[in-house]
Amino acid sequence: MNSMGLALAIIGAACASLFAGIGSAKGVGLVGEAAAGVVSVDPNKFSKVLILELLPGTQGLYGLLTAILMLRKIGILGGEVASLTTAQGLMFLGAAMPIAIVGLFSGIAQGRAAAAGVGITAKKPEHNGKGIIMAAMVETYAILALLVSILIINNIAV
Amino acid sequence: MKTEYASAVAAVKAMESTLMTQNDIEQLINTSTKSERQAFIDSRNGDVKNISDVWDMLMTFASDSKELKILLYRNDFHNLKAVLKAMISNRDPEIYYVSPSNVTLEELKKAFRDKEADILPEHMRDTARSAYELLTRTLDGQLSDSLIDCAALEAMQKSAADCGSEFMKRYAALISACADIKTAYRCSKMGKSRQFLESAVCGSSELDKEALIRSALSGVEALYDYLKKSGYGEAAELLKENPAGFEKWCDDVIMELAADARMQAFGVEPLAAYYIAKEAELKNIRIINVCKESGTAREIITERMRKLYV
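Those protein sequences? They're chains A and B, same order as listed.
Last residue of the first sequence: 325 (the numbering used here), numbering continuous.
Last residue of the second sequence: 466 (the numbering used here), numbering continuous.
Next up, chain A with everything else stripped away, as it sits in the complex (with noise of 0.2 angstroms):
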């Protein structure tokens, strides 16, 4: 057993939920500081912000996925732990690159632009939904990277 080629799929998974999990916790981190403002200004905006709270989770979501997705299909998680190669590793190493780095990079951005969302809110409530979608294109980025992460890992022949 090529114990090279294992560690650097492990390193892949534990990027993917590390560093998209970094950029959630910003984003969330900030809307949260945001969205504590309002509520201490005026407290039945409290729903409203918290879907723009929300928003920026999600590429922690998308990292985890993506390091089950890779721990199953080395046998880490069930089964019987794969042999792999140092080209194997080094494949689903890659493959973790797409979520982690977009995944750490838009939930920043994915944060400024809810915590943004949150100053539409306080202002002009009724305009709510706007500040959401705003916030919810930067999303698209983070799912196309997880289709990418989650299409290498399907097609590494293990």
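Just to be clear, a hint being listed does not mean it is correct.
Stated by the list, open to error - Some chain A residues near chain B, calculated using beta-carbon distances under 10 angstroms:
| # | residue |
| --- | --- |
| 1 | Val198 |
| 2 | Gly204 |
| 3 | Ala280 |
| 4 | Ala283 |
| 5 | Pro292 |
| 6 | Gly296 |
Said to hold, decoys possible - Calculated pairs, SDA-like style, for lysine to any residue (alpha carbon to alpha carbon, straight line, at most 25 angstroms):
| # | chain 1 | residue 1 | chain 2 | residue 2 |
| --- | --- | --- | --- | --- |
| 7 | A | Lys240 | A | Ala181 |
| 8 | A | Lys297 | B | Gly423 |
| 9 | B | Lys225 | B | Phe323 |
| 10 | A | Lys291 | B | Asp198 |
| 11 | A | Lys212 | B | Lys225 |
| 12 | A | Lys290 | B | Asp209 |
| 13 | A | Lys290 | B | Asp408 |
| 14 | B | Lys348 | B | Asp296 |
| 15 | B | Lys463 | B | Met419 |
| 16 | A | Lys193 | B | Ser219 |
Hint data in this document are derived by calculation from the structure and do not stem from the laboratory.
We put the CB at the ideal spot given by N, CA and C, even for glycine.
Assemble the complex: chain A is given as a structure, and chain B must be docked to it using the hints.
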């Protein structure tokens, strides 16, 4: 990426909805009694009764902001003037003290009583010492006032440059330019000397100090010409027609700056903009109250209303 004061900016945006609109101002002008006006103002303002309440709210979110403190420099230096003069003439300075301020009345009193200027913020220490020395030596209140006013503007511009905020730099430059124009205009009308003008005009990135002094010494027409050449043609026209209109123009220029800053989602700018907007709103209320009490015509009150933020 700048994401400072996300919480404060969001809170301020929530409060912007309580700022008075053009429609509210018109309704206020149409009220007939003082109690009617007060009831209307109370219904709009909620917990925010005065500018000190606004400041306290901003400080709960952004107490570490050096930029916001610049907004109070004029109050700080006004209080310095008031306390200095009151103490020299053995009067109680409390009635002249304006809030909010970065320096408490007790600190100012202690600074002069115990000759301990070091307890004041750094930007006020030298001015406090010089003004005290000047006033006790000459007993010329006007001279010490002009020294303190000029120092306030210089301190604003220096602090704004030090903190690096483009918004605060522009704010300080515009406030200084407006103050310098007013000083130059008055001095020109009163035939003040070059020596006085040099001590009273502070200078800014907007207007060249030497050229402004030279034009003011040559007469008001030369001053108008210089202002026109420097991009302050509108200000010159207003000064010619009606100095009160110029005062309104100065406030409106600052409000235009604030209106641009409110578009930002993060940073200190929307907080400063809200404070400026609230100041203008309270000024409008004061003007309406005074004008209504003195029976001023509706059209004139409308003409005097400062530009609104919303």
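To see whether the hints hold, each was checked on the structure:
1. Using the Cβ-Cβ criterion of 10 angstroms, the hint placing A:Val198 at the interface with chain B is satisfied: the shortest such distance is roughly 8 angstroms.
2. Against a cut-off of 10 angstroms between C-beta atoms, the interface hint on A:Gly204 holds, since the closest Cβ of chain B lies about 4 angstroms away.
3. With its C-beta approaching chain B no nearer than about 9 angstroms, A:Ala280 sits inside the 10 angstroms limit, and its interface hint holds.
4. Below 10 angstroms, beta-carbon pairs count as interface contacts, and A:Ala283 has one with chain B at about 4 angstroms; its hint therefore holds.
5. The beta carbon of A:Pro292 comes within 9 angstroms of a beta carbon in chain B, closer than 10 angstroms, and the hint placing it at the interface holds.
6. At about 17 angstroms, the closest approach between the beta carbon of A:Gly296 and any beta carbon in chain B exceeds 10 angstroms, and the interface hint on this residue is violated.
7. The straight-line distance between the Cα atoms of A:Lys240 and A:Ala181 is roughly 14 angstroms, inside the 25 angstroms bound, and the hint therefore holds.
8. Proximity of A:Lys297 to B:Gly423 is assessed by CA-CA distance (about 22 angstroms); at most 25 angstroms being required, the pair is judged to hold.
9. For the hint pairing B:Lys225 with B:Phe323, the CA-to-CA distance comes to about 14 angstroms; that is within 25 angstroms, so the pair holds.
10. At most 25 angstroms may separate the alpha-carbon atoms for a hinted pair to count; A:Lys291 and B:Asp198 meet this at roughly 22 angstroms.
11. For the hint linking A:Lys212 to B:Lys225, the alpha-carbon distance of about 30 angstroms lies beyond 25 angstroms, and the restraint is violated.
12. Restraint check for A:Lys290 and B:Asp209: the C-alpha separation of about 20 angstroms stays at or below 25 angstroms, so the hint holds.
13. Straight-line distance between C-alpha atoms of A:Lys290 and B:Asp408 comes to about 23 angstroms, which keeps the hinted pair within the 25 angstroms bound.
14. Of the supplied pair hints, the one linking B:Lys348 and B:Asp296 holds, its CA atoms being roughly 15 angstroms apart against a limit of 25 angstroms.
15. For the hint linking B:Lys463 to B:Met419, the alpha-carbon distance of about 17 angstroms falls within 25 angstroms, and the restraint holds.
16. The suggested pairing of A:Lys193 with B:Ser219 holds, with an alpha-carbon distance near 23 angstroms, which does not exceed 25 angstroms.
Of the numbered hints stated above, those contradicted by the structure are hints 6, 11, listed in ascending order.
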